[in-house]
Structures are given as structure tokens and as C-alpha cells.
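Quick mapping for you: the protein sequence lines, in order, are chains A and B. Under the working numbering, the residues of the first sequence are numbered 1 to 323, in order. Under the working numbering, the residues of the second sequence are numbered 1 to 320, in order.
What the hints contain is simulated information worked out from the structure, not anything from laboratory work. The structure displayed is predicted, hence computed values, not measured ones. Quick reminder that beta carbons are idealized off the backbone N, C-alpha and C, glycines included. Hints are not guaranteed to be accurate.
Which chain B residues stay away from chain A? Per the calculated CB distances, all over 12 Å, these [stated by the list, open to error]:
1) Lys134
2) Glu245
3) Arg268
4) Glu283
5) Lys300
Simulated pairs of lysine-lysine, BS3-like, Cα-Cα distance not exceeding 30 Å [unchecked claim]:
6) B:Lys226 with B:Lys5
7) A:Lys110 with B:Lys58
8) B:Lys226 with A:Lys110
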Amino acid sequence: MKQMTYAEAIRDGMRVEMHKDPNVYLQGEDVAQFGGCFGVTAGLYDEFGPTRVMNTPISEAVIVGSAVGAALAGLRPIAEIMFVDFMGCCMDELFNQAAKLRYMNGGKCKVPIVVRTPCGAGMGAAAQHSQCVESWFTHIPGVKTVMPSTPADAKGLMIAAIRDDNPVMYIEHKQLLPVPGDVPEGEYVVPLGKADIKRDGSDITIVAWSWMIQKALAAAEELAAKGINVEILDPRTLVPFDKDALLKSVAKTGKLLIVHEEVKTSGFGGEIAALVCEEGFDYLDAPIKRVTAPDTPIPFAPILEGAFIPSAEKIIKAVESMF
Amino acid sequence: MDLKKEQLLDMYKKMVTIRAFESKAVELFAAGQIPGFVHLYLGEEAIATGVCASLETKDYIASTHRGHGHLIAKGGDTKIMMAELFGRATGYCKGKGGSMHIADVNLGILGANGIVGAGMPLATGAAFACKYKKTDAVAVAFFGDGASDRATFHESLNLASTWKLPIVFLCENNGWAISNSQENHQNITDISDRASGYGIPGVSVDGNDVVAVYEAAGAAIDRARKGDGPTLVECKSWRWRGHFEGDPGAYKDPKDQADWLLKDPIPRLEKNLLKLKYATQAELDTIKAAADAEIEAAVKFAQASPQPDPSELLTDVYAD
Chain A
1 MKQMTYAEAI
11 RDGMRVEMHK
21 DPNVYLQGED
31 VAQFGGCFGV
41 TAGLYDEFGP
51 TRVMNTPISE
61 AVIVGSAVGA
71 ALAGLRPIAE
81 IMFVDFMGCC
91 MDELFNQAAK
101 LRYMNGGKCK
111 VPIVVRTPCG
121 AGMGAAAQHS
131 QCVESWFTHI
141 PGVKTVMPST
151 PADAKGLMIA
161 AIRDDNPVMY
171 IEHKQLLPVP
181 GDVPEGEYVV
191 PLGKADIKRD
201 GSDITIVAWS
211 WMIQKALAAA
221 EELAAKGINV
231 EILDPRTLVP
241 FDKDALLKSV
251 AKTGKLLIVH
261 EEVKTSGFGG
271 EIAALVCEEG
281 FDYLDAPIKR
291 VTAPDTPIPF
301 APILEGAFIP
311 SAEKIIKAVE
321 SMF
Chain B
1 MDLKKEQLLD
11 MYKKMVTIRA
21 FESKAVELFA
31 AGQIPGFVHL
41 YLGEEAIATG
51 VCASLETKDY
61 IASTHRGHGH
71 LIAKGGDTKI
81 MMAELFGRAT
91 GYCKGKGGSM
101 HIADVNLGIL
111 GANGIVGAGM
121 PLATGAAFAC
131 KYKKTDAVAV
141 AFFGDGASDR
151 ATFHESLNLA
161 STWKLPIVFL
171 CENNGWAISN
181 SQENHQNITD
191 ISDRASGYGI
201 PGVSVDGNDV
211 VAVYEAAGAA
221 IDRARKGDGP
231 TLVECKSWRW
241 RGHFEGDPGA
251 YKDPKDQADW
261 LLKDPIPRLE
271 KNLLKLKYAT
281 QAELDTIKAA
291 ADAEIEAAVK
301 FAQASPQPDP
311 SELLTDVYAD
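Given only the sequences and the hints, what does the whole structure look like? Please build it.
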């Protein structure tokens, strides 16, 4: 085990795979000497050189599109998109190209790319640099969506994402980048599709991911003092989704609260609620609730942005209303 | 560039095979035997043929929605192609792609793309892979005049020229971006003029002259293979049919259409072959008859092929 931040853990995952597999390379805006907009790729240029760590022009479509073409030709690209908000500039390359080429060609090709991109509010970056839009990607058959919440998960999921033969959206949260934690050294793999219980409990299940795990953990501490024992389930990857782990937890607690930073309408929480209604309705002894961002763009003023982000207080209030 | 007799006759064979395949597709679509959309390459046969004559299997191409000609020119099997048009299990894509996505990935084809202009970034990436792996393979991105207006054109030419990738951007200017004529969708006549904006060579040739296409594309492919970077090659031609089968093309001036039909690339090559005494008319007729017979056999194969099993709906979404 080694102490490192979430950002360092992401980098360590990339390093391990770049040492192991010469077909893995990294490209994106300012990822080389500059080390990436948030410093996640710092040092990789010095370590692997200009043929494997490349700055691209500000051209999201060809960053992702060329990664798809290189993957078809046998490489395993990691493409960084500086903010998940910029995925609008390369959605065709993800959802019509990367996601569908295998199916359209009758399974005769594969597209092993990782698109790394940071999400999330909390830094005053306003409406176009702060969003969480994971359900854009979960809605695309052919793409996997990964959202780590801890440094160890960040590393293990990065290695799994690079080794996966499918397009993987690897979404890292900006607020988590400086968060430290224990991370296993070497080839540590967290399989895609395997949830993790971040807190054992018996009275209610909170399912959350990415930064919202921290909010849920803070809420759970306060709720414990009030006699409510919360279980926190982190799916870690939304596609594939560990349905069995969720149903098992809900069967144990009888209650489900879903917390996400995406806006409410058509957020992934709706999918989880539907899934539990279809396959675990008998386990429930209270209606499912959601704590999410409201259906608005993200405002700039810190006081407004603070009101936008789901908080521990809102989670506590929602949990208490379910008893 | 001197073309040997065998090379020129091989091009002739490819062109008449594409012509026979596409002509048959017209009939079959009208008869309701082919579902979905079909975009035909009739009149543009010299382009794919002239370009692919300089490519090997290891080289990549990105095809388009109008991709049957590219696949035949790159070495595709017309039986498996026709089965794909029919949506049969024996088709190149097991019936999951159809005409618009018809490709043989084992021939280095990066898919036939239903999104106009989407092939250029893919070919740019494949060209990057060739350079990264230090092979001498190259990539050719086929795209139309309409696609030359898309952002992917700019992003791909900019990146490929900056990184000096082994790629040829091959514009098939057939005069039409769906129903919009070239003068209505861009303020230039020669699309190759855009090359100067990327610091790369650009050349425009008569796309109905297979020898001219072969020479221009061949020089660009050589240049890419030698590590000298991308070239933009524009081949000027004319789309004989509507954008898709069922589009009567009412927006075309009948005189323009008639003029271009007279520039048919196949009789032009025939004339050349006869003049060079590479073949007699009887020999050319035999090649044509063989192409027709090949396509008839392809139709029979497709018609006799099984439908995909309904369970196939759920396979091939993810690689294991």
C-alpha cells in the first residue's frame, strides 16, 4: 500500500499499463509537458516520451475519432477530454463510432479506447465546466461508464478500463483529485461491474458514486448519532451495473435513497429506481427517494453553486423522511 | 506513370464489377428485395478503382455511406456483399450493417460510415497507428464534397498535417451534397485549394479518368508511405443517381446530367485499352459478361442465404 491522491492513483494506473503494454498511449489537450489541465498526467511525458504522450490541437472530434481509428488498427489509446462538458464536441465519435463499429461490423472488430475526462461542480467554473452527465453515456449501448470515488478504485478501475476491449468513459471528479488514500502498488485491478460497500449498515441503502460518496459518508456519520444505520453502496461503474449487489443491499435494509450530482430528470437515479421497482419491489418498505441536483444549469456565484450541489444536509433530511 | 497491361485490365475488371453490382442493386431495390437505404456509386467507379490499385491489404481505408465501390476495389467478395445488402446472416456484417455500413475489417476497412465526414478522424487514427508501429502501411480517407464542409475535415487535416501522418484525404467530389450542388454549399471550385490551409499538397483530377486518379492517388500514397505526410486529392465526378435510391434527383439540371453521362469512365477506359491494343472488343465483352455473371451468382447466394437468427440482436454489443 502507498499513500497517494486520487489524481496520482489515476496516473499510476496509466503508468502501470504503459509500462506493460507498448500499444497504450495517451493523447489530449495539454497532457504532455504541461501535465494536463488538472495535473493528472504530470510526469508521463518525461517518463514515456513524445511518441506516447502527445498534445493534440483543441480538436475534440479528432482526439476521440483518431483514438477509435488507432484502436481499430491495434493500439489501445487513452484520450483525455479536458472537461466532460466538452464531450458535446465529440459525441459522434463516441456514440456513433466507438460504440457502434463493433456491432455494425457483425462483431468482427473491437474498439479498446479509454476516454478520460473530469466532471463535477464545486470550483466556481459555472455552467460549461462543472457538469455531471454520466447518463449521456450510460444511454449508449456499446460504451462502459466508470466513476471512481476513492484513490484505490481510481487506480484499479483505470487498469481495468485500459485492459477492456470496449470503449470506456472513465469519469474522474475534480473535487476528488487531491483526496489522499491507500492504494495498492503494482498491477491492482478493480473489475468493471463490481460494486463496493463503502459503509456497512442495516437501516437504509444509499446508492451514490463519485464525489457523492463523500457526501453520503458525512451524512451517514450524523445519522448514526441519531440511531439510523446507513449502508452506502458504490457501484463504481454504472455500465456494467452490479444489480445483484444493489438488490442484496436493498433486501437487507428495505429502503433505498439514490444520490447523484447529475440533474434529476433522466439522471441515472431514475434507472436505478426503475430497476429496483422491477426486480426488488417486495424488498421495499418505503418509497424510493432521490437526492440530486435540480434541473438547472450550474450557476457561478458560490452561494448559488452551493445550493445546486447535493449536500449532506439534504441527504440527512431525505433519509429522515423515510422513517 | 506507366501502367502495365495487367494492371489496366484489372482496373477495367474492377470498374465493370462495381457497375454490375450497382446496376443490379438499382433493380433489386426497386423490386423491394433490399431493405433500408441504398446509396449508389454509379458513375464514380474510376475513383475507388484508381485509388485502391496502389493499396495493399495492410493499408487502411475509411469508406462512406456510398461504399460498395470502395469495398469491391479493396478486394471485397461480391457474394458476401450482396448477402449484407439483403440483411442475411452470411453478409459481411452478419446482416447487422446493411448497405450503409458494409465493410470487411479484415481488408483494412475502418467501416462504411453513415455519418458524413466521420471517416476522416478514424483514418487519421489508423494512420497514426501505422506511424506508431513503424509499419509502412498508409490510410486513405474517402469522403465527399459535402463532408469537406464538416468540422471533422478541418480537425483531421490539421492534426494529420501537424503530426505528418501517412494518410491521403481522398475527396470524391460528385457535385452533390445530397440535394445541394457544390456552388450552393461552398465558395470554392477546387476543394484541393483547402490543402494550402494545412501546409500540405492538394491536387484536383478528373475523377472519371481512372489513369489520372491512379497517378494522383498513387503519388500521394507514395508520399505518405515515404513519411512525407498527408495529401489532399480531389477527384471530380458526378453522381448518376439520386442521393439514395428513391430520390429522383429532380434538383439536377437534365443537361448537366446528360453531359456527365457522356463522360462515363468505363467507355473511356475501354477506348484507351483498345487504342493500346491491350484487349480486343471481344475480350472486353467477355470481362463484362463475367462481371454480370458474378453478380447474378451473388444475388442467388444472397437470396439462398439464411436470415439472421433473432438471438443475434443481442450479440456483438460488447467484446468479452
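Any Cβ of chain A at or closer than 12 Å to Glu245 (chain B), or is the non-interface label fine? 20 Å, holds
Nearest-CB test (12 Å) between chain A and Arg268 (chain B): Fine: 34 Å to the nearest Cβ keeps Arg268 (chain B) off the interface.
Would the pair Lys226 (chain B) and Lys5 (chain B) pass a check requiring their Cα atoms to be no farther apart than 30 Å? At roughly 27 Å apart (the allowed maximum being 30 Å), Lys5 (chain B) and Lys226 (chain B) satisfy the hint.
A cut-off of 12 Å on Cβ-Cβ distance, and Lys134 (chain B) was said to be off the interface with chain A. Does that hold? 10 Å, violated
Lys226 (chain B) and Lys110 (chain A): Cα distance at most 30 Å? The given pair, whose Cα atoms are some 29 Å apart, holds under the 30 Å limit.
Does the no-contact call for Lys300 (chain B) survive, Cβ to all of chain A over 12 Å? 22 Å, holds
Please verify whether Lys110 (chain A) and Lys58 (chain B) have alpha carbons no more than 30 Å apart. Given pair Lys110 (chain A), Lys58 (chain B) holds - Cα atoms ~17 Å apart, limit 30 Å.
Closest CB-CB distance from Glu283 (chain B) to chain A, is it above 12 Å? With a cut-off of 12 Å, Glu283 (chain B) remains clear of chain A, as the shortest Cβ separation is near 37 Å.
Checked against the numbered hints above, the structure breaks only hint 1 and satisfies the rest.
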